[in-house]
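Peer 1: The primary structure of each chain is shown beneath.
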Amino acid sequence: MNHLLNISSNLLFVAFILYLIGTFFFGGAIRSKSKKAEGASMNRWGLIGITISIVGFVCQLGYFILRWVVSGHAPVSNMFEFTTFFGMMLVAAFIIIFFIYRTAVLGVFALPVALLIIAYASMFPREVNPLVPSLRSYWLHIHVTTAAAGEAILAISFAAGLIYLVKSINQSRKSKSTLWLEFVMYILISVVGFIIITSIFHAANYTQRFDWVDKDGVEQVGKHGLPLRLLLST
Amino acid sequence: MNDMKCECGHVNPVGTILCESCGKALTENAQKEKLHDMRYEGSARRSQTYNKTIIDKIWNFFSSVKVGVWLIVLTLVASSLGTIFPQKDMLPTNLTPEEYYHKEYGWVGQLWYKLGFEDLYGSWWYLLLIAAIGVSLVICSLDRFIPLHRALKNQRVTRHEGFMKRQRLYIDAAITGDQSFAKVKERLKEKHYRVKEEHGNLFAEKNRFSRWGPYVNHIGLIIFLIGAMLRFVPGMYVDELLWIREGETKVIPGTHEKYLLKNNKFILDTYQKGKDNEAFNQALDRVGTVAKNFQTNVTLYKRKEGALPGESGKLAKVKDDEIKVNHPLEFAHYSVYQMDYKPNELKTMTLQLENKKTKKTFGQVKIDLFNPKDVYDLQKGYKVKLIGYYPNFTGFAKDGEPQSSSPIPDNPAFLFRMYSPEHPKGEVSFVAIRQNVEPLGNNDYKMSFAGIETRNVSALTVHKDLTLWILAVGGAIFMIGVIQGAYWNHRRIWLQRKEGNVLIAAHTNKNYYGIKKELAAILDGTGLPVPKDQQEGKKEKEKEKEV
Amino acid sequence: MSQKKKQRLYIRTAILIILLAAVGYTLYANLNKDNQGKINVGEKAPDFVLKDMQGNTHRLSDYKGKGVFLNFWGTYCPPCKSEMPYMDDVYKSYKNKGVEILAVDVGEAKFIVNKFVKQYKLSFPILIDKDRDVQSVYGVDDLPHSVLIGPDGKVKKVIVGNANLTKNDFKGFMESIKP
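Protein chains in written order, with the numbering used here: chain G, 1 to 234; chain Y, 1001 to 1547; chain X, 2001 to 2179.
Same shape as in the complex, but just chain G:
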């Protein structure tokens, strides 16, 4: 059992690395865009990029299946499992949409987002856990998976819409459109920053403990994963 679980975790890690590499290849694909006409067939960079993405996806699928075998239930039952599954669905949605529309630039956005989400997932407890009675139902398989799949596809279309806006809004002059676009980008960067910062502190096993008395006069102890002064000052 442990052996299978190790393979499963390793496959997830391999997928993670492959998505990272894939991002660079898609980056290369859009840079050499000038060589081919817009909307024409893929160039070599794009081809390698999508191949790597597919291999990564298959690895993550392997992680998913093995984990299912080890735990005896669909691995979407806690925050870690669900978030990695969501990341996987993101990649799957991207692959499907890539084959329909052949837009390499989408990969530059979709893959890093999937990466970040898997990184964020790794901050939650990762042990294989037993199902509480309320989750022991076929709905776990139906509802949770379809919700993640649907959200992932919507997320990819969000990325596509955002890329369109970046391309088509006239950036040379300040306007309502540019302001709102900046607002959206700010939020996105904040989220990315949040994930990166919490990942770093989590990797360093940081905790801060503080004591306080609540409004009912009861003494409370709190633990936090980020230095509060850092939070308050941002």
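Don't take each hint at face value.
As the list claims (entries may be wrong) - Derived pair list, reagent style DMTMM-like, types lysine to aspartate or glutamate, alpha-carbon separation capped at 25 Å: (1) Y:Lys1342 / X:Asp2047; (2) X:Lys2121 / X:Asp2152; (3) Y:Lys1103 / G:Glu127; (4) Y:Lys1262 / Y:Glu1205; (5) X:Lys2033 / Y:Glu1099; (6) Y:Lys1516 / Y:Asp1172; (7) G:Lys215 / Y:Glu1098; (8) Y:Lys1347 / Y:Glu1246; (9) Y:Lys1342 / Y:Glu1438; (10) X:Lys2033 / X:Asp2141; (11) X:Lys2033 / Y:Glu1240; (12) X:Lys2097 / X:Asp2169; (13) X:Lys2110 / Y:Glu1345; (14) X:Lys2044 / Y:Glu1257; (15) X:Lys2081 / Y:Asp1399; (16) X:Lys2064 / Y:Glu1257.
Keep in mind that the hints were calculated from the coordinates and are not lab data.
Owing to the predicted nature of the structure, the values given are computational and were not obtained by experimental measurement.
Given the coordinates of chain G, work out where chains Y and X should sit on it, guided by the hints.
Peer 2: Frame of chain G; chains Y and X shown alone:
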């Protein structure tokens, strides 16, 4: 006002902007337009002419999509307000809602409560918002669907020249010898267009059904709202909570006192390291206990005909069942689900009479915390009388009287008179958990704790929902409508020969990018020119102005 | 107005009326939803059977022709305790005038109820609703919950809580259900 007869011979309803049949602009404004607004085929949707009666005014108000969107935005904002603090159904039951919001959330909570937000989703004004959305759905749909359907049904092959000129995709060119309508017709058929021919002119159309998608999904929503409304009809919807202890028989709420349930046994299983999947061991180490299964073994009873509440013994057994989480007990359209539990509620408490100096004990007293006795006889010469029992002891009143706040023995306390040979008149002692008070001076004897018995209390929810199928049907129709409208585009292409010129126009309800590509593919190699996007020309000019 | 316009007016009016009726019903039902489980004034008081502390059986329908002050109470409820002396007084004076008091304890231990009755020297019948059956029928939530039942067996008034009630109020209650 009379119906408008077009020069092509077709009679249009009053208020029509473009002739339903040939598309000629019937109003001055339409004739002045560079590009027609094709959203409803120029049909008579909004009739400003009869804005006279109050009925028309109300109708026109609700037929506005702007109004509909505002209603949705308002409902969204209102819904979010109800999530700031827990709704009143979710509060713990020991305080009234008014007290709770004030105590827990201060003046903000108090204000929130005063505004009536503690039952927001059941409040009259919220329901009125939802109802207004429903009304808007009905009227918007009727107001648009009927004219649109008419127009699309009455359209003919040879369109008026003005109509063609004012389509977004349009081109005209001189007729040349190498143009082949026949080839175009073939290509159109290959692309699954339905092609009609009249006087050598072509009209190709496909996917008209997708125009009805939005109206189908509106029908789905309306059915859904009807289902939700029906929940208010008595008997259609029941959602109650039943707490029942092991051994108790209680009326099932929501069944009009007809059905009763007896809790025979409550079982709680937890995951065990060594017995269950060893992959879970790490998680169990970190978290502790995780429930694996909990269930209530019950017997369902039906009250016999003519039996009255309070009359015991007039029950007919219906069946036994084991209610597990996600596996309810089902009977007569009701479902009883295992929801929660309170383990180890006190059932009995055993104390022993003890001489404080010698530490010798003189017998045990087992007190049923739900039905204690007056007197407990021990061995010869020893007796304990219960003079006071306080199931949920909360403290002493000003006059010294012990207080109890409920009949549930969560914190039992007793006032004993202990009789022994040395004290024939008895000694008085007050005993509570971790508290021993001797009100009349020091006693020689005391009642010391010897043990407890507990039992489990099970929480079951009682559900009855005769509206569920309506909601499901409404939801399904909604999805069908969404798919119908979203995944296909209604495309039309007109080809005409007129006075030495060939005119080509095209229209689609969405995705002009797609139809342009298709047109290019269809006309490729046919000698005919590809229609230009008249809107893009305008847009480019505007962009130039900006920079 | 032309024929077509008239037709349109009729159709629109009809549709709006249907919609209004649906909305109206929903609002009406919503306003009443809190009363759904309760027994309302004018309805027939549901019959029930309970035993008193002496073991005698009391059936509500046996009291037809007499007024019944049906009171749900508990020893842990301070307002119930404060109203008991008033109830005892009016019970004594109205017993001969054909008005009964039935006090239903919400299912406490006999020991506790006995002690209470002795302490307050109550003379009217005390019934214990052990299984909470009768409370369920009458939709009793907050205590004290009193139901005034007329000699015809119909509910005349429902009083929940007794924040501002005086002894005269109780007299008035008994008076109102006198046969």
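Peer 1: All the hints need checking, so say for each whether the structure fits it.
Peer 2: A quick look at each hint next to the structure:
| no. | hint | result |
| --- | --- | --- |
| 1 | Y:Lys1342 / X:Asp2047 | violated, 34 Å |
| 2 | X:Lys2121 / X:Asp2152 | violated, 30 Å |
| 3 | Y:Lys1103 / G:Glu127 | violated, 40 Å |
| 4 | Y:Lys1262 / Y:Glu1205 | violated, 67 Å |
| 5 | X:Lys2033 / Y:Glu1099 | holds, 23 Å |
| 6 | Y:Lys1516 / Y:Asp1172 | holds, 16 Å |
| 7 | G:Lys215 / Y:Glu1098 | holds, 18 Å |
| 8 | Y:Lys1347 / Y:Glu1246 | holds, 10 Å |
| 9 | Y:Lys1342 / Y:Glu1438 | violated, 33 Å |
| 10 | X:Lys2033 / X:Asp2141 | holds, 15 Å |
| 11 | X:Lys2033 / Y:Glu1240 | holds, 14 Å |
| 12 | X:Lys2097 / X:Asp2169 | holds, 17 Å |
| 13 | X:Lys2110 / Y:Glu1345 | holds, 20 Å |
| 14 | X:Lys2044 / Y:Glu1257 | holds, 16 Å |
| 15 | X:Lys2081 / Y:Asp1399 | holds, 15 Å |
| 16 | X:Lys2064 / Y:Glu1257 | holds, 23 Å |
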